[in-house]
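Produce the complete structure using the sequences and hints provided.
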Amino acid sequence: MKKLEILGRNLLLYLFVLVSVPPFALLIFLLALFDRKGKINHQIGRFWLKIILAITGVKLEVRGLEHLDPKEAYIFAANHQSQFDIPVLEVALPYQIKWLAKKSLFRIPFFGWALKVIGYIPVDRENPRKGYESLLAAAEKIKAGFSVVIFPEGTRSPDGRLLPFKTGGFALAIKSQKPVVAVALCGTGKIMPKGKLYVRPGLVRVRLFPPIPTRGLSLKEKTQLAHLVRLRIEEGLRNACR
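The sequence shown begins at 26 in my numbering and counts up by one.
Just so you know, the hints here were simulated from the structure itself, not pulled from any lab data.
Built from N, CA and C at the ideal position, the CB exists for glycine as well.
There could be a bad hint or two in this list.
Distance windows between CB atoms, simulated [claimed, not checked]:
no.	residue 1	residue 2	range
1	215	127	35 to 41 Å
2	243	48	23 to 29 Å
3	51	220	28 to 34 Å
4	30	158	42 to 48 Å
5	58	92	34 to 40 Å
6	249	222	36 to 42 Å
7	223	266	18 to 24 Å
8	41	92	31 to 37 Å
9	266	58	40 to 46 Å
10	222	72	21 to 27 Å
11	72	32	36 to 42 Å
12	41	94	31 to 37 Å
DSSO-like cross-link-like pairs, simulated, lysine-lysine; straight-line CA separation at most 27 Å [stated by the list, open to error]:
no.	residue 1	residue 2
13	84	27
14	191	127
15	96	27
Laid out in C-alpha cells, this is it:
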C-alpha cells in the first residue's frame, strides 16, 4: 500500500506541475506589470509550492522563527540534502526570498521565464567570473530589502553529512553587512534523495538559529563566519534528526 501511495502521489505531482506551470507563469508575467516589488507574485509562488507539499504528503515542523525580525533582510545559510530543500525553505520562511539558481533552469519554457520575472539570480557554475557576478547581483537584492538563501556546501550531500563549506556566500554577507541565519534541515534527504526523481511522504524539521551579525566584519573574517555557521547547523542536525 505504501508503494502504491508513493506512486500515486508522484503521478499526481508530475501531472500538477505539467498542467499548472504554464497558467501560473502567465499569471506571474501579467502581475509583474503592476506588482513592481513582487510581493503578490511571491505569495503566488508560495501557494503553488504549498500545493506541491500537500500533494506529496510532506509536512513541516519549523522552530526558531521567534529569533527573527519580520522587517529585516537576512542571508539564510542551510545544509543541502535534496532538490526539495528549496520548496521546503520557500514555504517555511515567511520572507520574500531571492534564490541563486542554476543557469540551466532559466532555459525551461514557462518555468524558467517565471524564475526570471520573479527575480531569481542565475548562477553559472562553470564560469568563476560569472559566479562572482551572481554574488554581486545577490548583494543588490539584499540592499533592496530582500532575503537570500545560500547553500554553503555548494552541492547536495549524498548521505546527509555536511560537506566542506565554500566561503563565497559569507563574503556576500559581509559585503552587504546583513545578518546570517544558520538553518538546519532534517528529512529532505529521505523525502527526495539525491539523484532520485520521486518524492516520499514524510516530516521535514527546520531549525532556525539566532542571527549572526556581520556589521563591522571584514572579508578576512569570512572563514570564521563560515565555521560558526557550520557549528550551528551541526548542532541543529544533531538535535533535529534524533
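Hint check results:
Between residue 215 and residue 127 the C-beta distance comes to about 23 Å, which lies outside the given range of 35 to 41 Å. A hinted range of 23 to 29 Å for the beta carbons of residue 243 and residue 48 is inconsistent with their spacing of about 48 Å. Take residue 51 and residue 220: their Cβ atoms lie about 32 Å apart, and the range 28 to 34 Å holds. Checking the proposed 42 to 48 Å range against residue 30 and residue 158 shows it holds: the Cβ atoms sit about 45 Å from each other.
Checking the proposed 34 to 40 Å range against residue 58 and residue 92 shows it holds: the Cβ atoms sit about 37 Å from each other. Take residue 249 and residue 222: their Cβ atoms lie about 39 Å apart, and the range 36 to 42 Å holds. Between residue 223 and residue 266 the CB atoms are about 22 Å apart, so this pair conforms to the stated range of 18 to 24 Å. Distance hint for residue 41 and residue 92: a CB-CB separation of about 34 Å, consistent with the stated range 31 to 37 Å.
At about 45 Å, the CB distance of residue 266 to residue 58 agrees with the hint of 40 to 46 Å. The given range of 21 to 27 Å is respected by residue 222 and residue 72, whose C-beta atoms sit roughly 24 Å from each other. Our hint of 36 to 42 Å for residue 72 and residue 32 is violated, since their Cβ atoms are close to 26 Å apart. Between residue 41 and residue 94 the CB atoms are about 35 Å apart, so this pair conforms to the stated range of 31 to 37 Å.
For the suggested pair residue 84 and residue 27, the alpha carbons sit about 17 Å apart, so the restraint of at most 27 Å is met. Under the criterion of a C-alpha separation no larger than 27 Å, the hint pairing residue 191 with residue 127 is consistent with the structure, at around 17 Å. At most 27 Å may separate the alpha-carbon atoms for a hinted pair to count; residue 96 and residue 27 exceed this at roughly 43 Å.
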